[in-house]
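Q: Sequence order for the protein chains is A and B. Under the numbering used here, the first residue of the first sequence carries the number 193, and numbering increases by one thereafter. Under the numbering used here, the first residue of the second sequence carries the number 6, and numbering increases by one thereafter.
I should point out that these hints are in silico values taken from the structure, not numbers from a laboratory. These figures come from a predicted structure and were not determined experimentally. Ideal Cβ placement from N, Cα and C applies to all residues, glycine included. One or more of the hints may lead you astray.
If you want the footprint, here are the derived chain A segments under chain B, 3+ residues with CB under 8 Å [as the list claims (entries may be wrong)]:
1. 228–234
2. 275–281
3. 288–300
So you can see what is in the structure, the chains are spelled out below.
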Amino acid sequence: MRSIALEAAHVTKRFGSVVALDDVSIAVPTGACVALVGESGSGKSTLLRCFNRLVDPDEGIIRVNDVAVAATDPIALRRRIGYVPQDGGLLPHWRVLRNVELVLRLNRDPRASERARAALSMVGLEPETFAERWPRKLSGGQRQRVAIARALAAEPSVVLLDEPFGALDAITRSELQEGFAALRKRLGMTCVLVTHDLHEALLLATHVAVVRRGRLEQVAAPATLVGDPATDYVRMLLQRARVAQLADAL
Amino acid sequence: MNILLVAALVAQAAVPLVETRPVVVASKPFGESYLLAEMFAQLLEARGLRADRRPGLGATEIAFGALRTGAIDVYPEYTGTGLLAILGEQPLGSSGAVFQRVSREFRDRYGVRWLAPLGFQNSYAIAVRRATADSLHLATLSDLARASRTLRAGLTPDFIGRADGLPGIARAYGLHFRDVRALGPAVKYQALAAGQVDVIDGYSTDGLIAKYDLVVLTDDRHFFPPYEAAALVSARLAANDPRAIAALGELSGRLDERQMRALNRRVEVDRTPVSVVARDALTSLGLLTATKADAARAAKDDRSLAGYLNGQRGVIARLTGRHIELVAISLIAAILLAVPIGLLLERSARQAEGVIRAVGVLQTLPGIALLAFMIPLLGIGVIPALVALVLYSLYPIVRNTYTGVRDADPAAVSAARALGMTDRQILRDVRLPLATPVIMAGIRTAAVIDVGTATLAAFIGAGGLGEPIVAGLALSDTRMILSGAIPAALLAIGVDAGLALVERVTRPGHA
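With the rest of the complex left out, here is chain A (with noise of 0.2 Å):
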């Protein structure tokens, strides 16, 4: 049996009288990637974000590697674990490989500048071309690239990506797909990937679970979800997204 890297066990978190997450329960494999997917305001960014304690639920339990997180110190936590932003998050006053290198640093690592070199290569820039680079001067898949590298530097055996390509322009954004795919087959990583795009959680992710209104609809693998939705929501979202030719390839 493989283990579950991260759990969420009875989950719920309110914000005032807004429930964001009602008694939510999942289990993601070591290795595995799960897709949130949702509309805006579904709750699962803000499961996402419990994993990493940016969000500490009102009920129930969330494991990391068996561990309980509500007893882990916050900071020591997040440096084990990999975070994509949406917007890239670079930090403007840092040229490029003082970005990537930031997790390493703070875990103290004397070899920040060459595994943050390796990061940059990895996600496809030249650490020549780019390491002394600042963050404005990137375009956005570049920009979103760095995120990634900053991300994966420190080599976490668990990443969070909050809708990490939701910004980008269509051709730039497959490619990325593609690279990041590809990156994850490579690492074995588990991942949590937060979007809104059917189509990306699909391609991406061994298994995808929808979220609606603080509650899973769905968790299952990508052909389980086409070949046999759950819920009446489940189909009008993968009528919405027009899956059916997705659906042959899978």
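Use these hints to put chain B onto chain A, whose structure you have.
A: Chain B in isolation, oriented as in the chain A frame:
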């Protein structure tokens, strides 16, 4: 020697020696006060004592506050001012009675001593143009009351406000002017001469009364209390320095109003340097012996502005240096204080607005009031001036530091948090560098305000470019005002441009 030079020398000798401290001679910021103080100082020097000159101290509160705390030893004051403004009592009786009253009260309350009066009164004088007096048959204030509804008054703000000023005479005489405008001492004579107003307040010994051939109306109901001029002496000097008291006493009873008006005229109208007029006056009173050099210097000074500035360039350079010192030290201190405050507020957003507003209130305090408030704590000179300047510089820096770090690129800040930076690291390594341009803009604002505000330092004897501005305003000397104002303006522009450069260099990711 010029008053500016005197002031500059004084500023350099700011640290007094404990054993043989010079007699610190001060004045208030108007011509006659400058002149009398200079006469005191020269007389002391002629009798073998050292004098430290602090001319142009803010106003009555500041000069008297400094005397009371022993920061200065002597300045010329008027008995009426002592009675009304310092003791806060009602006007009473004859000049003799007033002198008795202030002598006793000042000794008992403050230990401060009035020396015997100099011999002349400088009371408020209500003046009109000779043509106005002739056509309306005005000789007394009662006559003026009769005609007042057709007349426009131009009065100093001070006079309009105080109970023994306009409100008092209006009640005593039934005055109702058609219009009352607040005019500074420097412009009211010109406004009267030009016919823009019909009535002004002045002082009975003003040299300009003679120059413009004005008619001073008689106070026929004796509303104004007697304002006898006298040396007001600190408790320390009175107790420890009988030679100084004796020297100052030589002037008692020696000056009358006619003489004083003539002397003031030489200062205010002819632009003769105060030191020269003082020396001439002392010489003609037989208190000093004349020298040839004095006669040569007594010539009227009517150089052009450029010529004047050129002649003063050494003094201006020194004052500019002092000004830069005041601005630099206070700005650095304000930065060291305000930036940490701004950063602390980022951690406690709930208190932030309240604290910032409180700092903002400091900004609204009038400079003179703040300086007067600090005299009992810090005396006069550079230290209270620096404290005041720091207080005035805090607000823009605190405000900009706080908003700068609070609003620092939210995407960058949230990514930094998500990747495991501590709040401290985020503040130091992300928010602070990202806020640098905003903080620098605050510092620039503070610096420019600081350059302007530092001119106030002159009111408290701290020197700087305010010195010629204050003296020039007091002596109605435009060239002197400009010799302080022009370098101050250039300095403000220069400081702003210099900091703009620093701001560009510190912009994150600027390369």
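Q: A separate judgement is required for each hint: does it hold in the structure or not?
A: Do the hints match the structure? See the list:
1. 228–234: violated (count 0)
2. 275–281: holds (count 5)
3. 288–300: holds (count 3)
Hint violations for this structure: number 1 only, all remaining hints satisfied.
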